[in-house]
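Protein chains in written order, with numbering that gives the first Met the number 0: chain A, 0 to 374; chain B, 0 to 374; chain C, 0 to 301; chain D, 0 to 301.
Keep in mind the hints are simulated off the structure, nothing from the lab. Source: prediction; values computed, not measured. No residue lacks a Cβ here, since even glycine has one placed at the ideal position from N, Cα and C. Some hints here could point you the wrong way.
Simulated restraints on C-beta separations [what the hints assert, rightly or not]:
no., chain 1, residue 1, chain 2, residue 2, range
1, D, GLY44, A, THR79, 43 to 53 Å
2, D, TRP140, B, THR220, 42 to 52 Å
3, D, ARG75, B, LYS54, 38 to 48 Å
4, A, GLU13, B, ASP327, 34 to 44 Å
5, B, LYS54, D, ALA113, 36 to 46 Å
6, B, ASP222, A, PRO40, 52 to 62 Å
7, D, ALA113, C, GLY257, 16 to 26 Å
8, C, LYS246, A, SER125, 20 to 30 Å
9, D, ASP86, A, LYS160, 21 to 31 Å
Think about it this way: if two alpha-carbon atoms lie no more than 25 Å apart in a straight line, the pair counts; the simulated BS3-like pairs of lysine-lysine are [to be verified]:
no., chain 1, residue 1, chain 2, residue 2
10, C, LYS42, B, LYS171
11, B, LYS160, C, LYS42
12, A, LYS108, A, LYS171
13, B, LYS141, A, LYS142
14, D, LYS112, B, LYS141
15, A, LYS142, D, LYS91
16, C, LYS42, A, LYS54
17, C, LYS246, A, LYS203
18, D, LYS288, B, LYS108
19, C, LYS112, A, LYS108
20, B, LYS362, B, LYS325
21, B, LYS142, C, LYS112
22, A, LYS108, C, LYS42
23, D, LYS259, A, LYS141
24, B, LYS108, D, LYS293
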Amino acid sequence: MNLFEYQAKELFREAGIPVPQSRLITGTEDIAQAAKSLPLPWMLKAQVLQGGRGKANLIRKAADLQQAQREASDLFASPTGVRTVLVEEIVPFTRELYVSVTVDPVEAKILVLASSSGGVEVETLSQSAPEKLLSLHLEPGKKLLPFQARNLAYGLGLEGKSAISCSTVLVKLFELCAGADAELAEINPLFVTSEGEVIAGDGKIIIDDNAVFRQPRFQMTRDHFSSEVEYAAAQEGIPYLQFDGDISLMCAGAGLTTTVFDLIHDEGSSVANYLEFGGPNYRKAVRAMELCLANPSKVILIVTFGTIARADVMAQGIVDAVRQLKPDRPVVTCIRGTNEEEAFAVLRTAGLEPIFDTEEAVKKAVALTRGEGQV
Amino acid sequence: MNLFEYQAKELFREAGIPVPQSRLITGTEDIAQAAKSLPLPWMLKAQVLQGGRGKANLIRKAADLQQAQREASDLFASPTGVRTVLVEEIVPFTRELYVSVTVDPVEAKILVLASSSGGVEVETLSQSAPEKLLSLHLEPGKKLLPFQARNLAYGLGLEGKSAISCSTVLVKLFELCAGADAELAEINPLFVTSEGEVIAGDGKIIIDDNAVFRQPRFQMTRDHFSSEVEYAAAQEGIPYLQFDGDISLMCAGAGLTTTVFDLIHDEGSSVANYLEFGGPNYRKAVRAMELCLANPSKVILIVTFGTIARADVMAQGIVDAVRQLKPDRPVVTCIRGTNEEEAFAVLRTAGLEPIFDTEEAVKKAVALTRGEGQV
Amino acid sequence: MSIFIDASTRVLVQGITGNEGSFWTSHMIEMGTEVVAGVTPGKEGQRVHGVPVFHTVRRALEHHGADAAMLFVPPRFTKDAVFEALDSGIRKIVTVADGIPLHEALEIRSAAKACNALVIGGNTSGVISPGKAMMGMFPYWIKRVYAPGRIGVMTRSGSLTNEIASMVVAAGFGISTLVGVGGDSVPGTRFAEVMKLFESDPETDALVIIGELGGTMEEEAAELIASGGCTKPAAAFLGGRTAPEGKRMGHAGAITSGGKGSVREKVAALRDAGVLVAERPSQVGECLKAIMRKGAAGYAEN
Amino acid sequence: MSIFIDASTRVLVQGITGNEGSFWTSHMIEMGTEVVAGVTPGKEGQRVHGVPVFHTVRRALEHHGADAAMLFVPPRFTKDAVFEALDSGIRKIVTVADGIPLHEALEIRSAAKACNALVIGGNTSGVISPGKAMMGMFPYWIKRVYAPGRIGVMTRSGSLTNEIASMVVAAGFGISTLVGVGGDSVPGTRFAEVMKLFESDPETDALVIIGELGGTMEEEAAELIASGGCTKPAAAFLGGRTAPEGKRMGHAGAITSGGKGSVREKVAALRDAGVLVAERPSQVGECLKAIMRKGAAGYAEN
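Starting from the given sequences, assemble the full structure and let the hints guide the process.
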């Protein structure tokens, strides 16, 4: 689960990592209230999860109240769907750093990264100036010790108070990462002021989805999703991604679904939604088809090759769904795996022609989007 | 710092370790109030830090209110100085276990101990039935994993629910030990009920004195000390132990003070108080002598052999103390170490005859307690 | 024997009394796997499909030798179960749990590396050597998918594996061992580590890698081949070629970020190393035939 | 060279700019110790008694080789400083800090053991080889206490050490090396470990152990001697013979509990192992003379 910038900064503040003063607003009408306690000029930062907000013009500067109101109303009107805006004091800085804590799956260690070139993406950093990117590996379960943080801070070329401030922040960020079950805890940029203070300019925290059960503080809310359907699927526990193409995927198994996704594009067609109803969801065919029907797609393509997710059970679910929901568009089925013969029989009883081959099913679905080979 | 049983049980409860229901009372008058919410019969347990409370008759059973009042008033009148009593429900049990977490200084590991013979001291256990004492070493920083706790619980011969309950308690006790900076976290006995529940019958937690600064919850209070002088010394940060003999020790260096303590006993005399004013306290001669004078001792014996605790500084402090406090008993001084020649001169200016040899000083002090060789 | 398990491997099943544990234990036995004991705390004395159950791994091993541990244990208890097996000296472990917390997965892999153990999973179907033995959950009963043979298969996926394996078999080949390393971002064992086992396996002639977007496992495999650490001919199929940046495609590990982990890069790396990469599942059989011919030609040249 | 330090040992001082660090650095230099560099974060570029100061151990070692680290660092920062020295490859460390949290002391000893390092302390005066070099805080200027010679001394105490050392010198002997292992309950290095160093030290003929109540260090020393791990003649003096059960006598480690750690037991163990135990400080000189005669007789017998 990705946290919004304001949530990440909330965690930073509690961990003792300095952050700019700010107010969170949910509408232009909150601007006046914010101005009472937060002196201008401001940065207005749209709270959306996508990267590159600067380039997307989702971060605005406001010198006075009028400008702030104008920019805010503009942000809230953005087609991206901006629901909250962080109003933040402007921090004068002399340098920008990059610091993060993440995991290294190959070495099976925690990885601390620091660079003296903050404000750009770490991937850019690692390609353009790898010599500027310092790294440190730690055994899982170990803490980052202050001396290790100092080695990084002095390694970045910091001196005086800023070196101490930066190493303190590193130690705290490291603890935050483990404590919050984070996949990534990143401060970018970390501002260095002329007084040697450091302040988190922006923050990115990704909570491990497999550990959210013990991180009850942050819940997925409607704000995390760009559409109602995505939100509904998430609440159901059904993996779902929204696209805007022609074919609704309703498949089982991440790898197989992804492969079908590729095959559709190879055929020159497009995907309306990625939906997986395998694993724990294999009895949820009705709900899955409902979610597909919420899209303006032209065809529903069902491909499975299940083991525990038995083919006959899934086929029965699909038949139930078709009977109950009476889809207004063609449904293509390619159901294989445990008890596949029974599955074929079940599908046929409902007038669904079972296809045996994935690529054939894809071709069929694509043809249907073009009005060819209507069943 | 030793915690009282009721404090240990407070930590147990918060850690999720079951404890008997109880009320803490500070006078017999609280009994009636306790009876309103805690059904009889009860155990009344004097909250003192000494071991062997059972044998010392500091734990009483009370079947009804009258008996409870009688026993409580008896406990509060104890010469030991009982200031609080824990009134506890009686837990019917089928077995008593022993579990503890402590440190092994040789192996440099955390040591978990468990025995199926609870209710007796672990030292007795380790001598009488070492085969019944299971142990497990863990690297510092590691957690006790549930499977390790289960290995111990099943190793004790537990079955069914009690094995699971016991291993859960072990995991929690282990976390408590590290989290509370404890030298020792012990549950003895750990009751096993006929339903397979486990309940902490008694608890002992010793917080590492070097870490109390980050364990602000528990403070040393007057209750921890058997006399006002001990309490006053502790607040001053001066190591002090109360005895009831003839000679007040005012020495510098733990090893040297302890040696002087032995030498006095070798000479057939006795110590009124052990007091160390070396190290960080070496400029506190006046306060140290005040504490000595608060005892009905016959002689004050001062022995030092300091490095940083400079002899001349200590001598000057002693001279100041003598001038200011005008002790009503003889003062014997044996001050050596850095700048010892200057120290001798300083002492002589105040009419104190410096002795150069520790054993000679002890002999002199002992003689003085017997009225011999008055200076 | 096969690289991980065969009919003589003595398998201990942790979590044997649960629904999943019991169900798949019966299938593992049916397929020929020697399941010697099971473990579920509190259930000692029971039997599951004739297999005796013990409270702890330690107690089970007092009565039965075991070479490998199969875990049907919920994700939150997986770390504990893996450490219990490792602590008892077991060095081959398969865990199917889907949802192991990331930092615990890291600890699992770290502990396994430290004692030279192999932990396969989590979020996997496990390991199968068709016709011999199985640790995990495969539809071995579908013979058009799980036929014995001399092709070693490695995969990050479940149902896609069935799809690709069916293509291998349709092309006239069979599988020596199939290892599902799992779809998590920190699997206990990685492709390159499995490949080293296949490299020294006399029962395996060629490899099929079933990869997907995200992570660097395919790149590591390519690097191993390029550096001469794996000399057997290899084909591959990768899902997610057209996946958009930053979207998690089902598996925790299946995500690209900042341009890293794209299938395009993976395919390039594999091809540079000499791996024949199929564009679609139906090409896998042809690819295999091609590399086997080339491999044979290669041998002839020597 | 002496067992831990001599005039050629290159010493790095962590916490050199503090009052204590600066004061004792000047004395260490005066006594002949080769102090090559100092470390205090934020103070790089300064000099303390001519010694250049660096932000970190790593940066200091880029300019100066060092064989040992001397820590004048507050107890709460000692673990960090020890780990910093270990991380840079330094394997001899002395820390005088009084008040290191117990669980951190445990981590320090554990880390030192893991990389075969010697950490002396905390809560100690340190190590001195009179006439050669010093790491710590000893009144070497009192010649009646710190005279060079061929007796190795180990101690848990500070001022008692001055007392006993004065007796050693009064009896006509001198000190090869004196190691204060410190008064904490978890010292970084224990008597038996120091004894092994003395055993192979050609400059040491006999040992003096200055012990006290609490812990098991004296018993371990006795065991080492009894098992033949230390063959040099030894005398001992122990404080706290008459100490009451359960009272902490000044040092954190100086406490008996449940009958364990009593001086009576320690003396019995040492005597059983052949150590001559003095009843009072003034007997130490006589004991030393006796064991040296016996030792010489022993050599003559061979």
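We went through each hint and held it up to the structure:
In this structure, GLY44/D and THR79/A meet the distance hint of 43 to 53 Å, their C-beta atoms being roughly 51 Å apart. A hinted range of 42 to 52 Å for the beta carbons of TRP140/D and THR220/B is consistent with their spacing of about 44 Å. Remark: the range hint 38 to 48 Å for ARG75/D to LYS54/B is upheld by a beta-carbon distance near 41 Å. A hinted range of 34 to 44 Å for the beta carbons of GLU13/A and ASP327/B is inconsistent with their spacing of about 59 Å.
Checked against the hint of 36 to 46 Å, the C-beta distance between LYS54/B and ALA113/D comes to roughly 44 Å, which is consistent with it. At about 58 Å, the CB distance of ASP222/B to PRO40/A agrees with the hint of 52 to 62 Å. Against the hinted window of 16 to 26 Å, the Cβ-Cβ separation of ALA113/D and GLY257/C comes to about 37 Å, which falls outside the hint. Under the hint 20 to 30 Å, the C-beta atoms of LYS246/C and SER125/A, about 22 Å apart, fit the expected range.
Checked against the hint of 21 to 31 Å, the C-beta distance between ASP86/D and LYS160/A comes to roughly 24 Å, which is consistent with it. Straight-line distance between C-alpha atoms of LYS42/C and LYS171/B comes to about 23 Å, which keeps the hinted pair within the 25 Å bound. A C-alpha spacing of about 11 Å is found between LYS160/B and LYS42/C, which places the hinted pair at or below 25 Å, so the restraint holds. Of the pairs offered as hints, the one joining LYS108/A and LYS171/A holds, with about 18 Å between alpha carbons and a cut-off of 25 Å not exceeded.
Under the criterion of a C-alpha separation no larger than 25 Å, the hint pairing LYS141/B with LYS142/A is consistent with the structure, at around 12 Å. Of the supplied pair hints, the one linking LYS112/D and LYS141/B holds, its CA atoms being roughly 16 Å apart against a limit of 25 Å. At roughly 24 Å between alpha-carbon atoms, LYS142/A and LYS91/D fall within 25 Å of each other, so this suggested pair holds. For the suggested pair LYS42/C and LYS54/A, the alpha carbons sit about 60 Å apart, so the restraint of at most 25 Å is broken.
Straight-line distance between C-alpha atoms of LYS246/C and LYS203/A comes to about 16 Å, which keeps the hinted pair within the 25 Å bound. A hinted pair counts as satisfied when its Cα atoms are at most 25 Å apart, and LYS288/D with LYS108/B does not qualify at roughly 40 Å. Pair hint LYS112/C plus LYS108/A holds up; C-alpha atoms about 11 Å apart against a cutoff of 25 Å. A C-alpha spacing of about 23 Å is found between LYS362/B and LYS325/B, which places the hinted pair at or below 25 Å, so the restraint holds.
Restraint check: the Cα-Cα separation between LYS142/B and LYS112/C comes to about 19 Å, which is no more than 25 Å; the hinted pair holds. For the given pair, LYS108/A sits about 36 Å from LYS42/C by alpha-carbon distance, which is inconsistent with the 25 Å threshold. Using a Cα cut-off of 25 Å, the hinted pair LYS259/D and LYS141/A is violated, with the two alpha carbons roughly 34 Å apart. With a CA separation close to 40 Å, the supplied pair LYS108/B and LYS293/D exceeds the 25 Å bound.
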